[in-house]
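Residue numbers (this note's numbering), protein chains in the order written: chain A, 475 to 816; chain B, 546 to 872.
Simulated from the structure, these hints should not be mistaken for lab results.
Nothing here was measured: the structure is a model prediction, and the numbers come from that model.
Backbone N, C-alpha and C fix where the C-beta goes; we use that ideal spot for every residue, glycine too.
Please note: incorrect hints may appear among the correct ones.
From the derived model, a few chain A residues whose C-beta atoms are all more than 12 Å from chain B [to be verified]:
#, residue
1, Arg519
2, Phe523
3, Phe525
4, Arg584
5, Gly586
6, His595
7, Leu597
8, Gly600
9, Met625
10, Asn645
11, Asp744
12, His771
13, Ala781
14, Gln784
15, Arg789
Chain B regions said to be covered by chain A (calculated; three or more residues, Cβ under 8 Å) [what the hints assert, rightly or not]:
#, segment
16, 564 to 575
17, 601 to 608
18, 634 to 642
19, 647 to 653
20, 860 to 866
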Amino acid sequence: MVQERTLPEYHSAATSLTRADGLRLYEDMVLGREFEDKCAEMYYRGRMFGFVHLYNGQEAVASGVIKALEPTDYVCSTYRDHVHALSAGVPAREVMAELFGKVTGCSKGRGGSMHLFSAQHHLLGGFAFVAEGIPVALGAAFQARYRQEAMGESGPMQVTACFFGDGACNNGQFFECLNMASLWRLPIIFVVENNKWAIGMAHERATSQPEIYQKAAAFGMPGVEVDGMNVVAVWDVAQTALQRARAGEGPTLIEALTYRFRGHSLADPDELRSKEEKEYWLPQDPIKQFAAYLLTHNLAQEAELAAIHQEIRARVEDAVAFAEESPEPDPRDLRRYIYAED
Amino acid sequence: MAETLLFNALREAIDEEMARDPSVFVLGEDVGHYGGSYKVTKDLYKKYGDLRLLDTPIAENSFTGMAVGAAMTGLRPIVEGMNMGFLLLAFNQISNNAGMLRYTSGGNFKIPLVIRGPGGVGRQLGAEHSQRLEAYFQAVPGLKIVACSTPYNAKGLLKAAIRDDNPVLFFEHVLLYNLKESLPEAEYVLPLDRAEVVRPGQDVTILTYSRMRHHVLQAVKTLEGRGFDPEVIDLISLKPLDWQTIGPSITKTHRVIVVEECMKTGGIGAEIVASINDNYFDQLDAPVLRLSSADIPTPYNGSLENLTIVQPLQIVEAVEKTVALQV
Ligand SMILES: Cc1ncc(C[n+]2csc(CCOP(=O)(O)OP(=O)(O)O)c2C)c(N)n1
Ligand SMILES: [Mg+2]
Numbered sequence: 475m476v477q478e479r480t481l482p483e484y485h486s487a488a489t490s491l492t493r494a495d496g497l498r499l500y501e502d503m504v505l506g507r508e509f510e511d512k513c514a515e516m517y518y519r520g521r522m523f524g525f526v527h528l529y530n531g532q533e534a535v536a537s538g539v540i541k542a543l544e545p546t547d548y549v550c551s552t553y554r555d556h557v558h559a560l561s562a563g564v565p566a567r568e569v570m571a572e573l574f575g576k577v578t579g580c581s582k583g584r585g586g587s588m589h590l591f592s593a594q595h596h597l598l599g600g601f602a603f604v605a606e607g608i609p610v611a612l613g614a615a616f617q618a619r620y621r622q623e624a625m626g627e628s629g630p631m632q633v634t635a636c637f638f639g640d641g642a643c644n645n646g647q648f649f650e651c652l653n654m655a656s657l658w659r660l661p662i663i664f665v666v667e668n669n670k671w672a673i674g675m676a677h678e679r680a681t682s683q684p685e686i687y688q689k690a691a692a693f694g695m696p697g698v699e700v701d702g703m704n705v706v707a708v709w710d711v712a713q714t715a716l717q718r719a720r721a722g723e724g725p726t727l728i729e730a731l732t733y734r735f736r737g738h739s740l741a742d743p744d745e746l747r748s749k750e751e752k753e754y755w756l757p758q759d760p761i762k763q764f765a766a767y768l769l770t771h772n773l774a775q776e777a778e779l780a781a782i783h784q785e786i787r788a789r790v791e792d793a794v795a796f797a798e799e800s801p802e803p804d805p806r807d808l809r810r811y812i813y814a815e816d
Numbered sequence: 546m547a548e549t550l551l552f553n554a555l556r557e558a559i560d561e562e563m564a565r566d567p568s569v570f571v572l573g574e575d576v577g578h579y580g581g582s583y584k585v586t587k588d589l590y591k592k593y594g595d596l597r598l599l600d601t602p603i604a605e606n607s608f609t610g611m612a613v614g615a616a617m618t619g620l621r622p623i624v625e626g627m628n629m630g631f632l633l634l635a636f637n638q639i640s641n642n643a644g645m646l647r648y649t650s651g652g653n654f655k656i657p658l659v660i661r662g663p664g665g666v667g668r669q670l671g672a673e674h675s676q677r678l679e680a681y682f683q684a685v686p687g688l689k690i691v692a693c694s695t696p697y698n699a700k701g702l703l704k705a706a707i708r709d710d711n712p713v714l715f716f717e718h719v720l721l722y723n724l725k726e727s728l729p730e731a732e733y734v735l736p737l738d739r740a741e742v743v744r745p746g747q748d749v750t751i752l753t754y755s756r757m758r759h760h761v762l763q764a765v766k767t768l769e770g771r772g773f774d775p776e777v778i779d780l781i782s783l784k785p786l787d788w789q790t791i792g793p794s795i796t797k798t799h800r801v802i803v804v805e806e807c808m809k810t811g812g813i814g815a816e817i818v819a820s821i822n823d824n825y826f827d828q829l830d831a832p833v834l835r836l837s838s839a840d841i842p843t844p845y846n847g848s849l850e851n852l853t854i855v856q857p858l859q860i861v862e863a864v865e866k867t868v869a870l871q872v
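Generate the whole structure from the sequences, applying the supplied hints.
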């Protein structure tokens with residue numbers, strides 16, 4: 475008998491998701507899925523190396539939050555970062571090339587799977603140590619408030635969306651940063667992707683209060699729990715959190731209940747998670763659920779969705795071809811980028 | 546010209562840079578209302594406000610990481626370590642985030658960040674408050690490490706560090722904050738990457754930094770009386786080392802003594818000796834000597850503490866010994 479937390483109910487009538495937004499979200503989720511499936515294939519074919527953490531199953535979280543942001547906002551991720559990068563607008567070509575270690579990659583082949591960066595797309599990283607991205611995201615959020623209040627800049631408040639896992643929520647940096655974000659009313663959205671596992675450590679075995687969103691109360695900030703397999707629900711809570719942050723009212727903690735459909739990384743045999751648990755979660759596939767939603771709400775036709783799948787497959791193939799054909803970094807540049815001057 | 550205390554020289558540097566560039570701000574424990582544990586930011590919050598003199602909770606790893614994020618997004622933070630030793634808690638942020646991130650990101654981001662504060666062995670502060678982190682951090686790629694030693698260089702170097710586009714670890718010394726010196730009225734900025742030839746000489750090159758500069762100069766007085774002519778170089782930049790200044794000195798004197806306050810194992814001197822071995826071996830007329838602190842946690846007891854760090858007399862003896870040697 476699997477003990478699952480009841481996914482919070484969501485009344486979709488409340489949303490104002492337009493057809494255009496719906497198709498945009500769908501395309502983004504499909505891109506995430508297809509890209510990751512291709513990564514698995516390329517990894518097993520020896521085209522990419524190192525630790526590669528895939529995002530399959532969690533797409534509704536990246537798409538629902540990041541697609542609600544403006545291009546001037548910031549995104550901060552972990553080592554499970556491919557899809558956050560794609561949602562933030564880093565071209566699939568640049569992400570794939572990075573995974574291939576090519577100089578055309580978004581980190582010029584210096585970073586790899588766990589260190590995707592793009593200043594242009596306001597992607598702060600790509601952080602391979604659990605929880606270390608949270609303070610960095612806090613700094614970007616502080617910067618937004620500072621620019622307005624200490625430097626007199628105008629324009630909408632930039633918001634930072636900071637992603638991390640359930641495992642990170644037992645680390646001091648999580649608590650320290652929630653405290654400072656709330657204390658200084660920083661424009662940041664903390665997005666916990668609770669996929670129930672931190673490698674082989676089950677969430678309930680690691681934490682004294684498994685309902686992570688409840689921890690927000692201790693810092694005087696709103697904490698919301700959301701069905702992380704339902705992109706419309708995620709999009710909705712993201713909008714609310716965004717409005718709050720932009721208005722200068724401070725941070726929100728969003729706990730998205732989700733599940734990864736693959737092992738922790740491509741090197742993980744995934745032996746600890748039970749068959750029952752997987753059987754509970756697999757049918758909740760966020761992409762299938764959203765396709766059904768778009769169709770029943772007359773926001774899209776079957777043929778349109780099929781066309782999206784086709785276009786995305788072509789885009790991912792193009793990304794692979796680009797990565798294959800791209801040059802390796804020049805060995806003469808081995809020491810470049812150590813200091814700001816080079 | 547008024548005499549300025551070292552802590553005030555640092556304060557002037559921060560004040561001038563904050564006035565010059567609104568993206569410069571200070572964060573750390575008690576940097577605002579309290580004015581900093583050594584008064585380096587005293588009353589600056591009255592001029593610049595609470596956001597630019599940001600009093601943080603006691604959360605070193607998170608506020609240091611926060612400074613990295615602010616630097617990545619265009620601000621120029623100055624982190625004050627209430628005591629530099631406390632930044633051991635922020636080792637990850639200083640190493641992985643401040644030091645390595647620019648490289649890892651393939652040049653996507655630069656991190657104009659200063660991390661400064663008091664370090665070194667004080668007066669009976671006990672082991673935890675007597676640390677010399679420069680040795681621990683020297684292996685981290687992407688960092689610059691600077692140690693100031695006089696009011697004059699403290700001010701000029703800190704201004705340069707704030708203007709630099711790289712993460713700079715800026716070490717002050719707990720026992721040097723009350724040094725006095727007349728400073729120029731006009732604004733000045735000193736190069737971050739240059740060692741200072743404190744006393745030119747012919748017999749031996751003494752490489753030192755921070756408080757040990759003053760121990761060396763005490764020893765030099767005695768040595769001059771005994772007819773020695775040592776060259777004293779204050780390294781200033783501990784990473785990268787200024788071989789353009791150190792190298793010619795070695796080729797002139799052919800003898801080197803390193804005097805440092807960090808522990809011997811894995812110290813700044815260890816790195817210097819290894820580099821001299823690589824590049825200047827043929828120039829040497831005597832083995833390079835290292836005078837370092839003992840490889841022990843700094844003891845509380847005053848006389849044991851004195852035995853832990855290098856004293857001027859040992860420097861005198863080392864010079865006499867190395868100059869007498871012929872190989
Ligand atoms: C500081 C640190 N300790 C340990 C690890 C090894 N590690 C990598 S991922 C992980 C589990 C993290 O789980 P969670 O935060 O839930 O994120 P998820 O992998 O589920 O997305 C661990 C322990 C690490 N990367 N960093
Ligand atoms: Mg997890």
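Each hint tested on the structure:
Once the 12 Å rule is applied to beta carbons, Arg519 (chain A) is consistent with being away from chain B; the minimum gap is 25 Å. With 12 Å as the threshold on Cβ separation, the claim that Phe523 (chain A) sits away from chain B holds: the shortest Cβ distance comes to roughly 16 Å. Every CB of chain B lies more than 12 Å from the CB of Phe525 (chain A), the least distance being 14 Å, so the non-interface label holds. For Arg584 (chain A), the shortest C-beta to C-beta distance to chain B comes to about 5 Å, within the 12 Å cut-off, and the non-interface label is violated.
Chain B draws Gly586 (chain A) into its interface by the beta-carbon criterion, the shortest separation being 9 Å against a cut-off of 12 Å. Not every beta carbon of chain B lies more than 12 Å from that of His595 (chain A), the smallest distance being close to 10 Å; the non-interface claim is violated. Under the 12 Å C-beta cut-off, the non-interface status given to Leu597 (chain A) relative to chain B is violated; the minimum distance is some 8 Å. For Gly600 (chain A), the non-interface assignment is contradicted: its Cβ lies about 7 Å from the closest Cβ of chain B, within the 12 Å cut-off.
The beta carbon of Met625 (chain A) sits about 5 Å from the closest Cβ of chain B, which is not more than 12 Å, so the claim that it is off the interface is violated. For Asn645 (chain A), the shortest C-beta to C-beta distance to chain B comes to about 10 Å, within the 12 Å cut-off, and the non-interface label is violated. Against the 12 Å criterion, Asp744 (chain A) stays outside the reach of chain B, whose nearest CB is about 28 Å from its own CB. Under the 12 Å C-beta cut-off, the non-interface status given to His771 (chain A) relative to chain B holds; the minimum distance is some 38 Å.
Consistency note on Ala781 (chain A): stated as away from chain B, and its beta-carbon is indeed over 12 Å from all of that chain's, at 34 Å minimum. Distance check on Gln784 (chain A): its Cβ is at least 32 Å (rounded) from any Cβ of chain B, clearing the 12 Å threshold; non-interface status holds. Residue placement check: Arg789 (chain A) keeps its beta carbon more than 12 Å from all beta carbons of chain B (closest about 23 Å). Requiring three or more residues with a Cβ within less than 8 Å of a Cβ of chain A, the coverage given for the segment 564 to 575 of chain B holds, as 3 such residues are present.
Counting residues of the segment 601 to 608 of chain B whose C-beta lies closer than 8 Å to any C-beta of chain A gives 6; at least three are required, and the coverage claim holds. For the segment 634 to 642 of chain B, the proposed coverage by chain A is satisfied: 4 residues have a C-beta within less than 8 Å of a C-beta in that chain, meeting the threshold of three. For the segment 647 to 653 of chain B, the proposed coverage by chain A is satisfied: 7 residues have a C-beta within less than 8 Å of a C-beta in that chain, meeting the threshold of three. Evaluation of the coverage hint for the segment 860 to 866 of chain B: breached, as 0 residues show C-beta separations to chain A shorter than 8 Å, against a requirement of three.
The structure shown violates the earlier hints numbered 4, 5, 6, 7, 8, 9, 10 and 20.
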